[in-house]
Structures are given as structure tokens and as C-alpha cells.
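Novice: Now for the letters of each chain:
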Amino acid sequence: MTDADLEHGLAALPESDPSVGVGRFRRRAAQAGLLDVAYAVTDSPLGPLAVFVTPRGLVRVAYQGEPIDEVVADVAARVSPRLLLAPEQTDAIRRELDAYFARRLESFSVPIDWTLVRGFARGVLHATAAIPFGQVTTYGHLAEAAGSPRAARAAGNALGSNPIPIVVPCHRVLHAGGGLGGYTGGLDRKRILLRIEGVLTD
Amino acid sequence: MQLPPFQTLVDRHAAELHRFLVALVGIPDADDCLQETLMAALRTYPGLTDASNLRAWLFTIAQRKATDAVRRSRRRPTVALDGHDSPVDPHDMTDEALWRAVRGLPPRQRAAVVHRFVFDLAYRQIGERLGCTEVAARRSVHDGLASLRRVVDR
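These protein sequence lines are chains A and B, in that order.
In terms of this note's numbering, the first sequence is residues 1 to 202.
In terms of this note's numbering, the second sequence is residues 1 to 154.
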């Protein structure tokens, strides 16, 4: 056999499919407790949603519009670089979101991982998480609930940086005058959510 | 230090790592070797102090896993339980003898030959992947090819 034959034989190795090995790896990583963050993208009436789950709970929900690569990189930097696309680890939250949008579920029961929320914002978002389905409050009331009655604007900022929209229902917070206020995902999405909950009617 | 999400490494390198492993250990063992490689990488990932060449880091681990697999398969009995000798061609290709010979090479030569001829890499790149000089990479490819020729022609 000549060198050329040898080289030709070696080069003839066909392309191969890594998906089986990668799939086994993903499952084993989760079993071994090495998967710090699992994420998946799921469809919703508000467009695709990226959901990120840690062993402690739901840590991030991102609307399309925030570039997914940047969100993934940000979560990796702030939570852990041991982050994988692993839809099977996000089943619980995806099922609940589906049920919520189908109007079969009013309150989410998946645990929340508050790692991405610090300081005053944590108090504000804790208070937000307690607002029941179909009810609304104002930025001022929320600031009061978080222990700083005069910090309505700071409360607004905290809501604007809510890393877990929908599940931590910042869409249930409105302006004192009755205006919709703002929303991370845009006011159209806020309107859809408030319609689902019967707060707004067409 | 800012490490990219591990998923990015999987997206960028899994296909190439798998092909590398198919060349080194054959199709049936490549899936497991890939899994082992990624597990080992994920385990030590947060502690990495140098993220400048993650690809080379992954290939080094893959090469080590392949060496373990080859060692294990040599210990495995080759005669099937029903008494029939049923050699399975791990590459599902005609050059069975060639690939068996590749797996018989010393690890460094084996990896060098695969990088050179399967992936068509230049010696400088092979050196980077194997963590050696361009000259050493060239020598490994040359020596590997020479022993392949000896084995295959026998």
C-alpha cells in the first residue's frame, strides 16, 4: 500500500453524528449534579420564551427580542458556565406555562431561584410574586410592600429588571393613575397577559 | 475569568470531536467516548484558568478517553459467546485493517495521523491541538504513517 492509498483511506472516514453521545452526556450530567443551568426555548402566545432552570428552581425567563445568545451568556456569567440546552430538565415550567396560556392554571408552583435578583429589587419582586392572578397593584403600593413607601420609581426600575417575567407577575403592576406603565417585553405583551387574566377586556 | 456557556463548546466542537473519536476507537465506542469526554470536561470546566484554547483542551481529553477505550477493548475477549468469531467492523468500511492499525498506534501518533489526514490540518495546527511543536507534530505523523504502512502491508 502506498502512502497515497493510506492517506486516501484515512480521508475517507465518513462524517459522523454526535447527537447520541451528546444526548447521553446531557442526561448523565444532570444525574451527576453537574448541570447547574438547563435551558430550553418554548412557544407561547407571546412568542418564543427561553426558560432557564437551576437545581433550585426557575432562574430566568427571556422574551424573544433579547438576543438569545446574549441572555445565555449572561446567565452563564452570573449563575454558572455549566449551562446546557437540556429541554427535558425544563419540563415542569414549560408544562405550567402551557397551562397558564391555555387558562387552565392561575398560579405557578415551580420554585423560583432568586440568584439574579439583589438588594431592594428582591423585596419588590418578592412582593410582586404575591400578587394573585387577575389582580393588579401600583408601583407605589409595591414600594410600600417592599418596605420603602416613597420608592415608587425604584420599584419601577426593579420591575423593569425582573429576570423572571410572567411567573413573577410584574405585568400586574400599573400606574397609580390607571395607565399601564411599562413592561420589559413591551406593552403589547403586557396587554395580552392582562387580557388572559381578565383585567383588560377588548 | 469569563468562560463561555458549556453549551457553546458542545455546539462548536461536538461534531469534530465525535469524528475524531470514530477515527480513534470506531463507531460503537465513539458515542461513549464522546460522552466521557464531555463529562470530564464539564466536571473541571468552572476551575479552568486558561480559556484561550478550549478546542485543544477538549481534544486532549478526547484523546485520553480514546486511549482508555482502546486499552479496554484490547482486554475484551474477541471471540463471541456462541463460538462464532464475529468481528464487527467498527467503521463500517472496507479498510478495516487500516483502522485496526490506526488504533494500534501509540496515542500521540494516532492523534497526529487522524488530525493530518481525516481533518486535513496543517502541522502547525496539529501541534497546537496536541500541545507540541510543529516539528514534533510532523515527526509523529511521519512515524505514524510509517508504522501504518508496515502493519497494513504485512
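The set of hints was computed from the structure by calculation and includes no laboratory data.
Backbone N, C-alpha and C fix where the C-beta goes; we use that ideal spot for every residue, glycine too.
Hints are not guaranteed to be accurate.
What the hints assert, rightly or not - Reference listing, derived: stretches of chain B covered by chain A, where coverage requires no fewer than 3 residues with Cβ under 8 Å from a Cβ of chain A:
1) 11-20
2) 23-30
3) 33-46
4) 130-143
Stated by the list, open to error - These stretches of chain A come out as covered by chain B in the derived footprint (C-beta under 8 Å, 3 or more residues):
5) 10-21
6) 70-79
7) 83-97
Novice: Each of the hints needs a verdict: does it hold here or not?
Specialist: Now the hints, each set against the structure:
1. 11-20: n = 5 at 8 Å, threshold three: holds.
2. 23-30: holds (count 3)
3. 33-46: It holds, with 9 qualifying residues against the three required.
4. 130-143: violated (count 0)
5. 10-21: holds (count 11)
6. 70-79: holds (count 5)
7. 83-97: Result for this restraint: holds, n = 3.
The structure shown violates just one earlier hint, number 4.
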